[in-house]
Every structure is written in structure tokens, then in C-alpha cells.
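A.B. asks: In order, the protein sequences belong to chains D and C. Using this note's numbering, the first residue of the first sequence is number 1, and each one after it goes up by one. Using this note's numbering, the first residue of the second sequence is number 1, and each one after it goes up by one.
Check before you lean on any hint, since a few could be wrong.
Stated by the list, open to error - Here are the simulated lysine-lysine pairs, DSSO-like style, with alpha carbons at most 30 Å apart: (1) D:Lys639 x D:Lys602; (2) C:Lys115 x D:Lys602; (3) D:Lys639 x D:Lys408; (4) D:Lys602 x C:Lys152; (5) C:Lys152 x C:Lys115.
To be verified - Simulated DEER-style distance windows between Cβ atoms: (6) D:Glu30 x C:Arg12: 14 to 24 Å; (7) C:Glu41 x D:Pro714: 35 to 45 Å; (8) D:Asp130 x C:Gln65: 48 to 58 Å; (9) D:Arg406 x C:Gly68: 49 to 59 Å.
Said to hold, decoys possible - Some chain D residues well away from chain C (every beta-carbon gap over 12 Å; in silico): (10) Gly72; (11) Glu121; (12) Ala153; (13) Gly182; (14) Ala206; (15) Arg268; (16) Arg315; (17) Gly493; (18) Glu670; (19) Ile705; (20) Arg716.
Just so you know, the hints here were simulated from the structure itself, not pulled from any lab data. Small disclaimer: the values here were computed from a predicted structure and weren't measured. Ideal Cβ placement from N, Cα and C applies to all residues, glycine included.
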Amino acid sequence: MGVIGTSPPRSDGLDKLRGTAGYVDDLAGEDTWHGATVRTSVACGTVLAIDAAAARAADPDVVVVTAADLPGPNVLPVIQNDWPVLADGTIEHLNQPVALVAAPTRARARAAADLVSVEVEPSEPVLGLDAAHEVLASCSIDHGDVDVAIADAEHVIEGTFESGLQEHVYIETQGMLARVEGGVLTVVGSLQCPYYLQHALEAVFAPTGFEIRVTQATTGGGFGGKEEFPDQIGAHAALLAWKSGHEVVLLYDRHEDIIGTTKRHPARVTHRTAVSGDGTLIAQDIEVLLDGGAFVTLSPVVLSRAVIHAGGPYRCRNVRIRGRVLKTNTPPNGAFRGFGAPQSQLGAERQMDQIARRLGIDPLTARRINAYRDGDVTPTGQVLDASTSALEVLETTARRADFLTRWKTNESARVDALDDGAPRDGIGIALAWHGSGFTGDGERRLRARAGIEVDDGGRPWVLSASTDFGQGTEVVFQQIVAEALGVFPEDVGIRPPDTHLVPDSGPTVASRTVMIVGSLLHRAAREIRGRVGDGPEPFQERAAAWIAANGPLKAETMHQTPPGATFDESTYRGVAYPAYGWICDVVEVSVDPDTLLVTPRKVTVACDVGRAVNPALCAGQIEGGTLQAVAWAYLEEVKCENGRYLNDRLQTCLIPTTRDAPELDVRLVENPSPAGPLGTKGVGEIPMDAGAPATLAAIENATGIAASSVPATPERLLELMEDAP
Amino acid sequence: MSRHALIVDGRRILVERDPMDRLLDVLRDAGAKGVREGCGEGECGSCTVLLDDQPVCACLVPVFQADGASIVTSAGVIDAAGQDALASAMLTEGGVQCGACTPGIAVTAHALLAKDPAPDRDAVRDALAGNLCRCTGYERILRAVLRAATAKEEAS
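Same shape as in the complex, but just chain C (with noise of 0.2 Å):
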């Protein structure tokens, strides 16, 4: 066991847990629930997070590795109002169906979105193909951040 400092969504945390204690399982005990174990070996993409602005898979990475580090989650990327450009237009194109992927697609969303504001459809497929989805066959998701990346360029 070892002490470990994260910063989660802005918010300090102190942990005591063994070194190789997955990032996930320590998120998740933290309170951090949109972090979702889908396959446990970094294929499905639900639990991603962003790692110093960077999108991991949380259940590859070991909490030694995030000492110190940032950590952003889906809840500090869509805010609780739900108005940011992301959350609209994955509402409003029917991009949520049963949700499991949701926090993880959102995440990597968001990470596209701040490096590549204006992405077109195969950049969006190319940042996007480490989160999986079994409802929606990915069109709706796909023309959500589309539209979030033409609402955030109007409202610059």
C-alpha cells in the first residue's frame, strides 16, 4: 500500500492503495461512477478518461502512473445543466441509448474537440475508434460530435 494524490474533475483526493490497483477501481471507489469497467483489458473504450489532457483506458493504467496527474471524467466534461455543446447535440441526435459507453465516448469527444475543433466525419471515426457501442451503430453518435463542433464554432 502506498499514498497516492489525484486530482479528479478539480478535485484533490488522497488514496491509500496498492501501487498496481487499477485506475478504474480507484476512480470508481472515489465516487467517480461514468468511469465503466466494460472488458477490463482497454478493447471497449468505457472507461476512458483524460489522463493530463491525454484519453486513457483507466482499467490499463495503474494509479502509480496518475500520481500527481489530472484526471477529467465524462461528469467534468458535461456539465450538470447538460448545455454545453456535446451533451445538446448528443441529446438531441439520439446519440445515448442505454449509456454504457456514453462517459467514455463523451470523454474522447471532448479530447477531440479541444485539439481538432473543426474535425470532419473520418477524423471523428478516427478518434472514436477506441470506444465501443453495441445500440446505436455509431451514425447518431458520430453526427452528435459533428454538430457539437459546429455549435461550439458559432458560439466562438
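If we strip away everything but chain D, and leave its shape as in the complex, we get (with noise of 0.2 Å):
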């Protein structure tokens, strides 16, 4: 039918402009009791005693809810057993839920829980990554000899990058809705992976044999913000309506959203490079370091896909790469698009324009020295595929944006530049890789599974736990199903992300739902027309005869990892990912040279994802991410102190507007992946990746400021300037 490459819109566009389309908060009927929080005021210590007294007392319907009270372990499963669903003596973070109430409003939920009292003792917490010591999670790559390597080396090099705290600010707080009927306790809700939380909730209630079952709403924005911290509203919400008897409904507000949920964790990441006087990388030894906040959560994953791109996409015969993520006493930080590789990879990049400097080569020359080719071998000893684009991606972009003789004129302009107040132009660039799917085993473990079921009247329905939260999933789906079938994308249904209903796709997450997921609608709906045969009717009249005459038609197929793709989580050896995306941003600056606030003025893209299903919401996945990279570099900061976030709402945490954003002009490249059916490779994270790096690059084309760390604010431009030699 040719309706791969195309770009039918969205199916529930119309519902969102109008605004029926269902979100968390829409659901809550009349008879909807609300719920509230409990948390914290310290950042670490012991809980003495919890006195709900006083609330009760006000309102005799409030219902209160302690770990005393939970009916199972007081546990939320993510990779380790360690983040408690409530307070429970040890308060490991500051605005930690300690307990929960419900109440037939939302006013008189909020009055209630104002109205506990929480007595404390306080201890010192941990905060920052040098007062760190307790060690979350480590990992490390050993590729070559590094030791020799720079021992022998012309030139080493030497950095460090920093990075802090970057809020997810989906539009749509997050919120959950439970009810418990018949023995089904049924939470819906602004989520990611209805399965993760399936399993959290089946952990919680374990003991009351409920049946559980969760569904997603409508969801305002991800970004990973609603990948694992679901599991704990979730559970939340549910808890009060097992105990109250009535549907609740939690939902956050700004404030608390900001304050309450996870974060991208900050970063501290050293290089020592040993280079040939030509600029070729002789050995790469980088240690990466994450603040992991107060639990571990998925904090190890992070940190494997933040150490395995740390070294940026070049190639190194010797290469080192130690990764630990350390223990603070701040809310645990966690998935945030890109899941550890923009930190790791801003280091890379930055790295890479001082190695440039120091050798007097521009940063366009450095880069095409040393990116991956085909056939080269990652520090993991993963051998590189035919469809690696690094050089591609950078020529592309280099060419649109005139990079090279934009950069020299701008470098020479800086050199000449009168103090005139006048505005200076910036230009800079930045390459990245990003590896599509779960990294190492993640995939063969989690055997995923999605299907096709045909109805009677022969309308094929799409069976997966995929989840939209923005990035248009459903129509890229529809498009799959409907090539394979040979129907319509309007053709196809979309079951609901619902655990009742369909099998575990595996998470919404990690750039993994068009490649992995969409190679198993493929493959299911390629088995359905083989069974139902080819002929001239049209699909559904075929499929409702076949159906007629043998029963349902249904097919599901699960996820299988080729044999010899496999890797060694021991030892950090062999196929990281099936598949990696590759990447170049060139940012475009304006510097003002008094206030020294940046401007972006244009950034120019090249991407390759293997191919486009829909090319309009791919590059729309490319544009949106590309603007959260390149306000991560300048604008965007949680400021934390004492262990409490200082800008804890809209007014003070800032993220671009229309003002703000940049031109934004995206080039797809289309280099199928061979590792599936369909070509397709990851493209929800990887514009994280080089619009930080690229964007710093800028600045320094424009005012000779090196800056080596996010975001580069003025208040840190001006301490760079006045420190400089």
C-alpha cells in the first residue's frame, strides 16, 4: 500500500484540540473522592510519630493512610527492593510521602492532610556528589590497553563536565485513578508502562488476592518522568481506595509534581584522552559519576547506557570507562529522555572541541578523524553495522548550516571584536550515537510480546502495552499493521494500553516501541494475511470468511534476540544494542557581551532513524527533543539547596517558550537497521544528545568562553570570564 514514509495524522488529534480526549483528571466523576499527601519536611532522619488525630477530629470522613497500614510489603520492585511506598521510620529524602488521606473533595483532602502531624528527628543528610559516598550502582568498560596507550601519547588531554538537574515538565502533572470492585482493583492513569506498575501493585497487595488491573489515560508528556514514578502515585491512589471504599483520585499539582518526582540525574564526568598530534584518539579514560538521589530505582540502567555512549560516537582501540552512581539525600532521580547519555555525552563532545583547540584543528575535521565507521568496534566489542551515519549526519548538517566558514569568520570576528556592546554570533556543532532498544540482555529478558486480533467483521486490532503519550504511537502502528495487511492506517484498531487486555509489550521507553515493538505487530500481522491468504477481495471480507469457517484469528508474536547478539553483563562485552541512531546538531548562537545571555537563533539536524514511518512525527519527535537539549545547555536548572529544590514551580522553572525557541530545521537520513524488518531505529531520545554540547560550542564560537558545564547561565559565563587567565 506504500503507507510507510507517509504521514497520515495523528488519530486523536481532534480530540485533543478540542480538549475530550480524556485525560486522568477529566475522569473523576462526582462521586470521585480525592486524595492528598503527606510528606516530609526534612531531607533525612527518623519518623517519631505520625498523628492523624487532629484531621480525623475535623473531618470525620477523611481516611488516613500510614506504612502501618499497607497490606502487603512496604516495597515498589524496580531493580532493587529498596524504595518504600511510605515513609516508614528512616525519611531518606526531603517531601518524602509519609502518609496518605482521602476525602470527598479535593479542599477538604488538602485541610486533612495539613492537618497531620509528622513528628521528626532530624540527621545530617548527603547532598552533592562530593559530600557522596555510598555507592548505588557501578560498571565499567575495558577496551585496550589505556595505561600504555597514554604513557606512549603526543598529547593527553584532560576534562571535566559537569551537569545538574533537569526537570521533565510534561504539561500534564502527573495523576492516577483507583477504584476496588469485586475483588479487581483497577488504576487508571498519566503513565508510561501500565506493566511496571502492574507489578508494583501486585507486590503492594499481594495479601488480598485483589485481581489487578491498569490502564493508561490520555497522558500530557513523558519523557521518562512517567516511567517509573507512576509505580509510586499508583500504588498511592490505590491504597486510598482500597481503604477508603470509594474511586479516588490523586492528582499532583505543579507544585508538588516539581517537588514530589524524579529528575535527570546530575552528572560529573572526567576525561583524560591521549590524542596523535594529527587529532586521532589514541585511548579514552573516562570516569562517569550520577547522583542518584535517595533510592536506587533505575538508577544501574542509567548509568550502563551513560557509561556505554561515554565515549561518544569515535572510534578508540583503548578505552576505559568507570561508572559508579553515588547516594544523596534527595528524591531519587531517574529516567529522563536519553537515560544518562546526554550527560556522558555532553563530556564526550566538550572533550572533543578542547582536543580540537589544543591542536589547532576546527571541530568539523576533528570529528570527521575520528567517528565511527562501518565495521568499527565500539569499546564494548560490538562490531558496527552498515547502516553507522556518523560521517553522514555530520556532512549533512555541516553542508545545510555552512558550518566550517561561519565558525572561521566568527572565530576571527571574536578576535577583532570591538567593545562595542554589539551582539556576537556563535556557531557550534556537536555528534552523537545513541543506542535504540534496552541495552545489553534487557531485550532478551524482557521477551516482549504484542499481537494482532482480527474481529468478526474482520477489523484487525492492534494488541500491545505501547503507550502514546505524545509521540503519535497509535497512526505509526496503524501504518505497520496496514502495510503488512494491505488495508488502510483507518483500517486498523488500537486496543487500549490496558493490562486486562493486552500482553507486555515491554515499557514505553529507551526508543524501543517502533523498533521492537512495530517489528512485532510486522511480523503478527504478516502471519495473520498468511494465514488468511492473498486474493482480490479486500482484506476483511477474506479475514471475516476465514474467520467464518475456522474461528478466531489471532496472532502474537514475541521478541527474540538473533543469536550471537549477545552481551555480558559481567564483563560490559559485546551487542550493547541492536541497533544505534546517529546524530549532529549545529547551534547557532546570539550573545549579548554585557548581560552575556544567550539567544539560540537556529539549529540544523541531521538524524539518522533507519527509516520514517511517519516522517512529520519523527521529526517532530527530532524538533521537541532538540529543544529540551539545547535549553538543558542554557536556560533550564532545578537549583537545589539544604536538599529542597528552590524553583519548585512554573514561575521559577523555567523552560523555553516561543520567545525562547530556535528556528529548528530537521534533515531525516534514512539508513535502514538490519536488525529488523523493518529498518527502524530509536528516535525519541537521541536529539537529546548533541544539543547541549553543540549549543556550548556556540557560545564559545562567539564570546571564547570554554564553557565545560550545564546550564551556561550568565551568572556561570561571567565567573568563567573573570576566572579565565
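With the hints as a guide, bring the two chains together.
C.D. replies: This is how it looks when you write it as C-alpha cells:
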């Protein structure tokens, strides 16, 4: 049918425009009770007593839940079992949930929560990477002989690169609605991973014998922020529904969402690089430190991705990467678009700029010399396949933005600049790679399932747990299945991501949906088509006739990792990812020389997505991610003092407006991945990888100030300027 | 508590509310779910409605100030068939992703096009500066509003 590679509009667009799409806060009825959360007032300490008598006295209808009321273990299982449902005894971070309240209205629930008193004994919190010592996770890569290579090297260049907390600021805040009816506990909410919450609820409610059902409501953005956190708020809503006997909705306002939920891990990345006189990398010795916050949650896998990407998209025979996540007393840091790779590649790219400058080569040439080619071997020993596009995206972007000429012009203009207060132009380039799908053995262990069922009328329905929280997954799945069955996209139905209706296709994370789950659906659809057989009538008629003759028509497929594509998690050797995306960003800025205010003007991007099923939606992912990356570089920062987030509302927790946003020029490059039937690679996260280092490079080109950390706010740039020799 | 009469998307409603209740809550309780809370302090624009033709954040307006006023929400701007130029341009250009900001964007863009039927890119950026979007990078929203303006001009 030729529907792959076209851009039909998303199916939920009109409902979203009119406001009838059904987000969780639209689902509460008049009889629905409201929940509120009582949080700790210190970053570290002990809970001595929780007293809800005043709340109950003021409002006898109020229902209160503390850790003592839990039906089962006080733990939300993620990777390790250390994340409590409610603080019980020990307080590990400020604003940790310690009690829950439900009441017939939101105002009454909040009033009651304010009356619950929590007596605590504070102790000294551990805050920031300098003070932290407890290791939550570690991993390392050893490739070649780094020590010998560095000892023999012509040049050894060192650098340290830091990044701070970043807040997701999905426009719809977190929310969950729960009820218990006839032995079934149903939770509906704003989430990315219905089966994560399903498993968390199965653990928390194990002794009750409830059947658990989780459904996604229309979800207003996630970016990783609705990957693991919904396990907590979902369990909270469920506990209140169970204890009160009412349907309960628990909605965070923006302030509570910022103080209570996950952020991007702050990072410190240290490089010691051996290079030859012409700029060829000889050895990379890299350390990656992440601030995990108070609990392990997803930190080991964030670290793993950070470490595997830490060398950047560059060939190098000798590589040593050591990674650690340290515990501090802040809310747990968690999944955020890019999942560690943006932090580690910020270091790799700024280090490449530093190397180029020290050796007197331009930034484009330095990348051209070192970028991966087909057949190169990565630090984990993986041989890169024929769809390795580092050079292609680099050359495409540089040419479209006329990078080198303009970079050189700005370099000379800066030296000759008059002190006239005129804005200074800068242009910077960065190159990045991003592994698609789960790291290492993740997909093999997960064994994701998805399927197609055909109803009696011959309409095919997609069965998958993949969620759409903005990407346009539904229409992309419709296109993939339509192509395989020979029907139109609108002929394909999508069953809601409801754990009673769909198999576990794995979480909607790690840029895996179109590549992994899309391939499963393609296989299932091919299987259905094979069973029904081809013929002159439309598929629907043939399928309906087949069902009339043979009974139900359904195909379910399970992900199988190809033989040989193994990864050893003890040695970090092997195939780390089934496919890699490649991206290059050229960022243009102007900088006010008096205030050091940075204004991004234009970003030119080329990104290898393997194959774009829906080019408009695909480019939309890259555009949105690019703005998040650029803003992380110069604007976005959650400041933390004594364990408290200082800018804890949207008035102070800034994200770009239309006035801040640069023009975005995105070019899709399509070098199909041999790893799947569709040739697709991940696209969700890769745009987060190159925007920040390219922005810092542009600021350096404009001002001569070489920022090694983000965000490069005017205050930071001023400090760097004053510290300059 | 006091009684307030509002005209919401052309329909007259009567409510019994505290006069300081947020227009946002009054509208949502009346079923206008396209009025969405994103921040509650006038920063994100998700709850933008037209109050006597002016775009305002419904979270910042106490209901008594809207007494007797005509209020237009996204459902009053975008027809149910999605046939109007703005809806069609937003869908074709890919200006809708997660949808949380979308109704507010639609209302603001509608107000802009009513005032300035042929805006340039900078005018659209200025008009939408109070509507945060975290998904799109704004590029496709800007293009959609410009496209809607062109389509309206051609149709007239």
C-alpha cells in the first residue's frame, strides 16, 4: 500500500484540540473522592510519630493511610527493593511521602493532610557528589590498554564536565485514579508503562488477593518522568481506594509534581584522552559519576547507558570507562529522555572541542577524523553494522548550516571585536550516537509480546502495551500493520493499553517502541495475512470469511534476540544495542556581550532514524527533543539547597517559550538498520544527545568562554570569564 | 457562595460558587475539559480561554470577574468535525503531540487570527509566548498557525 513513509495525521488529534481526549483529571466523577499526600519536612532523619487525630476530628469522613496500614511489603520493586511506598521510620529525602489522606473533595483532602502532624528527628543529609560516598551502582568497560597508550601519547588532554538536575515539565502533571470493585483493583492514570505499575501493585497488594488491572488514560507528556514514578503515585491512589472504599483520584499540582517526582541525574564526567598530533584518538580514560538521589530505582540502567555512550561516536582502540552512581538525600533521580547518554556525551563532545582547539584543528575536522565507520569496533567489542551514519549526518548538517565558514568567520571576528556592545554570533557543532532499545541483555530477558486480533467483521486490532504520551505511536502502529495486511491505516484499530486486554510489550521507554514493538506487530500481521491468504477481495472480507470457516483469528509474537547478539553484563563485552541512531546538531546563538545572555537562533539537525514510518511525527520527536537539549544547555536548571528544590513552580522553573525557541531545521537520514524487518531505529531519545554540547560550542565560538558545564547561565559565564587567565 | 451567570461556548450556565473560585474550576466542573490546569499560576497557558474575546488564563480569574461574560473554550474554537482551517493545519503540520497544551494553543491562535488575519512568524511567536509546549519545540505549531492564516485568506 505504500503507507510507510507517509504522514497521516494522528488519530487522537481532534479530541486533543477540542479537549475531549480524556486525561485522568477529566475522568473523576462527582462521587470520586480526592487524595492528598503528607510529606516529610526534613531531608534525612527518623519518623518518631504520625498523628492524624486532628485531621479526623476536623473531618470525620477523612481516611488516612500510613506505612502501618499497608496490606503487604512496603516496597515498590524496580531493580532493587529499596524504594518504599511510604516512609516508615527512616526519612531519606525531603518531601518523602509519609501518609496519605482521602476525602470527598480535593479541598477537604488537602485541609486534612495539613492537619496530619509528623514528628521527626532530623539528621545530617548527604548532598551533592562531593559529599556522597555510598555507591548505589557501578559498572565499567575495559578495551585495549589505556595506561600504555597514555604513557606513550604525544598529547594527553584532561577535562571535567558537569550537568545538573533537569525537570521534565510534562505539561500534564502526574495523576492516578483507582477503585476496588468485585475483587478487582483498577488503576487508570497518566503513565508510560502499564505493566510496571501492574507489577508494583501485585507486590504491594499481594496479601489481598485482588486481581489487578492497569489502564493508561490519555497522557500529557512523559519524557521518562512517567516511567517509574507512576508506580508510587499509582500505589498511593490504590491504597486510598482500598482503605476508603471509594473511587479515589490523586492529582499533583505543579508544585507538588516538582518537589515530589524524579529528575535527570546530575553528572560529573572526567576525561583523560591520549591523541596523536593530527587529532586521532589513541586512548580514552573516562569516569562517569551520577547523583542517584535516595533510592536505587532505575539508576543502574541509567548508568549503564551513560557508560556505554561515554566515549561518544568515535573509534578508539583503548578505552576505559568507570561509572558509579552515588546516593544522596534527594528524591530519587530517574528516567529522563536520553537516560544518562546526554550527560556522558556532553563530556565527550566538549572534550572533542577541547582537543581540537589544543591541536589547532577545527571542530568539524576533529570529528571527521575520529567518527565511527562501518565495521569499527565499539568499546564493548561490538562491530558496527553497515548503517553506521556518523559521517553522513556530520557532513549533511555541516553543509546545510555552512558550518565551517561561519565558525571561522566568528573566530576571527571575536579576536578583532570592538567593545561596542553588539551581540556576538556563535556557531557550534556536536555529533552523537544512541543505542535503540534496552541495553545489553534487556530485550532478551524482557521477551516482549504483541499481537493482532481480527474481529468478526474483519477489522484488525493492535494488541500492545505501548503507550502514546505524545509521540503518535497509534498512527505509526496503524501504518505498520496496514502495510503488512494491505489495508488503510484507518482500517486498523488499536486496543487501549490495558493490562486486561493486551500482552506485556514491555515499557514505552528506551526508544524501543517503533523498532522492537513495531517489528513484533509487523511479524504478527504477516502471520495473519499468511493464514488468511491473498485474493481479489479486500482483506476485511477475506478475514471475515476465514473466521466464519475457521474460528478466531489472532497472532501473538514474542521478541527474540538474534543468535550471536549477546552481551555479558559482568564484563560489559558484546552487542550493547541491536541498532544505533546517529545525530549531528549545529546550533547558532547570539550572545549579548554585556549581560552574557544567550539567545539560540537556529538549530540544524540531521538524524539517522533508520526508516521514518511517519516522517512528520518522526521529525516532531527530533524537534521537541532538540529544544529540550538546547534549553538544558543554557536555561534549564533545578537548583537544590539543603535537599530542597528552590525553583519549585513554573514561575521559577523555566522552560523555553516560543520567544526563546530557535528555528529548527531537521533533516531525516534513512539508513535502514539490518536488525529488524522495518529498518527502523530509535528516535525518541537521540535528539537529547547533541543539542547541549553544540550550544556550549556556539557560546565558545561567540565569546571565547569555554563552558564545560550546563546550564551556561549568564551568572556561570560571568564566573568563567572572570576566572579566565 | 453567590450566583454567577456565564455564557460558555454560546451556552448560558448558572452556578452557585464562592466568588473567588477560579474560573478554571468552574468551567471544568461545568464540563469544559479543554480548560486544563498545567501550573495554576498563569505561567503555562494550558487553561487559556477567551473572556469577552480576550485570551486569559482561567486559573487567574475569579469567577465573579467573569459574571455575565462570554467565555470561549477550545470546544468553541474547534468545530466537532475538525473542518476549520486551524484544526486542519494543526493536524496536518503535526502541531499536536501530547495534547495537554493544545486547547490553550488553539484558543490563543484563534484570538490572534481574529485580530491579525495575516500574521508573520514573529507575530505568531509573540502571540503564543504565554502558552508553554514541552513536546514540539514549537516549530510545527508556528507553521500550523501560519498555514491556517493562509488557508483562511484563500477561503475568504
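A.B. asks: Which of the numbered hints above does this structure break?
C.D. replies: 3 and 7
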